[in-house]
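Protein chains: 2
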Amino acid sequence: MVNVLGWLASRGSKPEAFVLSSEETFDVIVVGAGCLGVAAAYYIQKNSPDKRILLVERTLAVGQANTAMSAAAVRNMFASSTNQLLTDTSIKYFEHVQEEIGYDLMFEKTGYLWLLSEEQFNHHSVKVWMERMKKSGISYKVYNKQELKHMIPGLNVDFTGDEEAELMHLQEVDYGLFGADCGVLDPTRLVEYYFEEFKKITHIKPRFGVEVKKLLLEADPKLDLPGEPYVWQKKKVKGVITDKGIFRADVVVLATGAWTNQLLDPIGIDSMTKGKKRQLFVIHAEDKKELQALLEVKGFNELGCIPFTILPSAGVYFRPQLQEHGFWIGCGDTFGREYKYIQTDDDMVPESAYYETSMYPVLSKYFPAFQGARPVNSWAGGYCYSPDRIPFVYLECGVLVVNGASGSGIMKADALGRIADAVYRGVSEAELFGGKKILSNTLSIKERNVEIESVII
Amino acid sequence: MVNVLGWLASRGSKPEAFVLSSEETFDVIVVGAGCLGVAAAYYIQKNSPDKRILLVERTLAVGQANTAMSAAAVRNMFASSTNQLLTDTSIKYFEHVQEEIGYDLMFEKTGYLWLLSEEQFNHHSVKVWMERMKKSGISYKVYNKQELKHMIPGLNVDFTGDEEAELMHLQEVDYGLFGADCGVLDPTRLVEYYFEEFKKITHIKPRFGVEVKKLLLEADPKLDLPGEPYVWQKKKVKGVITDKGIFRADVVVLATGAWTNQLLDPIGIDSMTKGKKRQLFVIHAEDKKELQALLEVKGFNELGCIPFTILPSAGVYFRPQLQEHGFWIGCGDTFGREYKYIQTDDDMVPESAYYETSMYPVLSKYFPAFQGARPVNSWAGGYCYSPDRIPFVYLECGVLVVNGASGSGIMKADALGRIADAVYRGVSEAELFGGKKILSNTLSIKERNVEIESVII
Chain A
84 MVNVLGWLAS
94 RGSKPEAFVL
104 SSEETFDVIV
114 VGAGCLGVAA
124 AYYIQKNSPD
134 KRILLVERTL
144 AVGQANTAMS
154 AAAVRNMFAS
164 STNQLLTDTS
174 IKYFEHVQEE
184 IGYDLMFEKT
194 GYLWLLSEEQ
204 FNHHSVKVWM
214 ERMKKSGISY
224 KVYNKQELKH
234 MIPGLNVDFT
244 GDEEAELMHL
254 QEVDYGLFGA
264 DCGVLDPTRL
274 VEYYFEEFKK
284 ITHIKPRFGV
294 EVKKLLLEAD
304 PKLDLPGEPY
314 VWQKKKVKGV
324 ITDKGIFRAD
334 VVVLATGAWT
344 NQLLDPIGID
354 SMTKGKKRQL
364 FVIHAEDKKE
374 LQALLEVKGF
384 NELGCIPFTI
394 LPSAGVYFRP
404 QLQEHGFWIG
414 CGDTFGREYK
424 YIQTDDDMVP
434 ESAYYETSMY
444 PVLSKYFPAF
454 QGARPVNSWA
464 GGYCYSPDRI
474 PFVYLECGVL
484 VVNGASGSGI
494 MKADALGRIA
504 DAVYRGVSEA
514 ELFGGKKILS
524 NTLSIKERNV
534 EIESVII
Chain B
84 MVNVLGWLAS
94 RGSKPEAFVL
104 SSEETFDVIV
114 VGAGCLGVAA
124 AYYIQKNSPD
134 KRILLVERTL
144 AVGQANTAMS
154 AAAVRNMFAS
164 STNQLLTDTS
174 IKYFEHVQEE
184 IGYDLMFEKT
194 GYLWLLSEEQ
204 FNHHSVKVWM
214 ERMKKSGISY
224 KVYNKQELKH
234 MIPGLNVDFT
244 GDEEAELMHL
254 QEVDYGLFGA
264 DCGVLDPTRL
274 VEYYFEEFKK
284 ITHIKPRFGV
294 EVKKLLLEAD
304 PKLDLPGEPY
314 VWQKKKVKGV
324 ITDKGIFRAD
334 VVVLATGAWT
344 NQLLDPIGID
354 SMTKGKKRQL
364 FVIHAEDKKE
374 LQALLEVKGF
384 NELGCIPFTI
394 LPSAGVYFRP
404 QLQEHGFWIG
414 CGDTFGREYK
424 YIQTDDDMVP
434 ESAYYETSMY
444 PVLSKYFPAF
454 QGARPVNSWA
464 GGYCYSPDRI
474 PFVYLECGVL
484 VVNGASGSGI
494 MKADALGRIA
504 DAVYRGVSEA
514 ELFGGKKILS
524 NTLSIKERNV
534 EIESVII
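Going down the list, the sequences are from chains A and B. The opening position of the first sequence corresponds to residue 84 in this note's numbering, with each subsequent residue numbered one higher. The opening position of the second sequence corresponds to residue 84 in this note's numbering, with each subsequent residue numbered one higher.
I should point out that these hints are in silico values taken from the structure, not numbers from a laboratory. Please note: incorrect hints may appear among the correct ones.
Stated by the list, open to error - These stretches of chain B come out as covered by chain A in the derived footprint (C-beta under 8 Å, 3 or more residues):
| id | segment |
| --- | --- |
| 1 | 86-94 |
| 2 | 196-205 |
| 3 | 312-318 |
| 4 | 387-395 |
Cβ atoms here follow ideal geometry from the backbone N, Cα and C, with glycine treated the same way.
Assemble the whole structure, with the sequences as input and the hints as a guide.
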């Protein structure tokens, strides 16, 4: 018989790393206190009241990273039935929190309005989108050009004779696809809601200002040989290595969005996601009556304001921000704007030239009221793309990954938190708010069963 | 009418980058002279004889990067019918080149031998694998334990009483799955064959020692405004920016394997691939009669040597290297070994500890002849994973990407070169060697139609 382990043991002294005095042990560690992390922490704790769950966050408070950078809008108007289910149940829960529990999320039903050209409206993907919404009971309304022009006098629906518009490939507005159950909310309030509920039931004080440097991968079982784990050993993530010491747990929940690759790559798990920078620019309506008139268009919602509005071309969109009497302008750019595999803080700087050259020309062609308008504020954050634009939730080798929400994590946070809990407990179905169910492995990589999402912004 | 372009023009002076005197223009630029690049260049030139095709390569000769680092083995024994078709037709073409054209590729039919435990052999995925091979007419043979023991006396098929083997989770050998049409070849010879054929028909001298720094993305049409291309413009890759100047072309073929992300990420195309380092270690059989006996086992092939052999556990494999009378040892490690999103030269260093701790213990348990054997040589290269372990070939916005071969690019090179040509010419089907056809969009991202490959090494 060939003996090899004794020889391995003789190869060198056992390294002392990972045997620090600061080691602490928990049942679950949740990394990241953004909307997905706190929702997951809350539902896991709620359904496993005895488990010791540690929530760790790199910044100094909940929801301060990309959650705070979002356009903070919520919609159930997706093309995939998976995203419809995730968002529709989450939004109904947010309404429940605000209306019945009485916790103000600043949720306002502004509605979402997609402005579409004839060609876009008749595209196969838009037909499928509308059919699937009908089937799922998601209400929407179609406006024609005349109705739109009547309701939004400041909307330019006619580029006849405008050579610039032609050079810019701008599609004319022929239809509006409107969802009244969509709106905006305050993501910080949402994250704080889950966090406060979590704090009521957790046994472990959450820790802020703690940066997870690496996942702690160990042989299972350990043989106490130098250089473990070897290729032929079974391995499992047993915790996290942070700048404040080692924390151990049976399961590490990663709700780290565009930073996930940095933690998963070193242990050989392909997250399938990658990030892109997104920017928001704030335009105030005060002192300009045309912008005030646009902000205050009637007929779409009870607030008497313009809905979250997506232009037909270039991915440009805006939402009303009633508290500051203005607009947030964004852009769902695609080909030509770089992916960043791992997001760094240095990248997250808004570029005024991006507003001026890419958003403003489009915006002011469709809505001349914006002519001459300059941003009073701006910020940038990281968007985390999955290949099919549907989120991931899966447990592999001790890591429970919740990410890839593709720009719509906030509006799916409740459903994703419940699914993460079902995956943690190993039950085959997750029950979403309102009683609808989803198979727990639906959003996994290995047993994924979803339609590709075509309506991302 | 709102005028915006004049205002954009006034924003600043036009940048002078990309207007260098060294600019040259071609019809096609092929980036990367590895096996996929030269095969693509050859077939595109062959079927478009008038097109001016420039082949550029960072190193100083063909096939010097990861092509040269491979285990240089070829097999048609895949589980997906797509990979079966790509490899079976390519290998038949290699045989044709060697036997009929008379160009020696050093192709030797050693065969491939998977050693499997009872449990592995009866696994659903292995059943599917065998069924699909039958259906595709790929011949294989099953050996039982007694037959294997008889043919390879040096193979240990019994770990009874070996506590170390149990601690190491080693599966016992119960079956052998053998493919006689598989073997090894010299990848440098293969790349040189395509390159010589390409040189006979190309109008443009290939350039070596040229590093592509960026893809040249331009607005289409250009408006000659500062900071183009903007988000609202149509855009296209119009060439490459290299350390030796700008080269322009209608189509840029990227055959850059594990370096592809570095070029595609900045223009916002997600390659869906990522890399991992792989290492090979050379063991000589001379001076050790047990290793000589193992190298020279009879009955599997006409060469009278051990086949390319995959052990049941830990992904360890070896192949015979008859010219140097020895073995190349490799390992298809999985979870626990890091992914590298972009491959750097610095990473590509073999680690002796990897052989000693991860390969050697497994190897010597199954084949005690390796006991005490130490490598006389080693190297490392980059493996380029696709999510379904099937290659990508697609043309998007001026870039024709050929990558993601998942460790089996050499054995698919002929088929992938022909498919790249069909995609370039915009024809719906590619004809592979022997007359079999495949839809040109089969390997695209957007219209992908493949089975997931389960048999990767």
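Okay, the segment 86-94 of chain B and chain A, do three or more residues pass the C-beta test at under 8 Å?
holds (count 5)
Holds or violated: the segment 312-318 of chain B covered by chain A, criterion of 3 or more residues with Cβ-Cβ distance under 8 Å?
holds (count 7)
With a cut-off of 8 Å between beta carbons, are at least three residues of the segment 387-395 of chain B near chain A?
n = 0 at 8 Å, threshold three: violated.
Tell me whether the statement that chain A covers the segment 196-205 of chain B is true, taking a Cβ distance below 8 Å and needing three residues at minimum.
Result for this restraint: violated, n = 0.
Comparing the model with each earlier hint shows violations of hints 2, 4; every other hint is respected.
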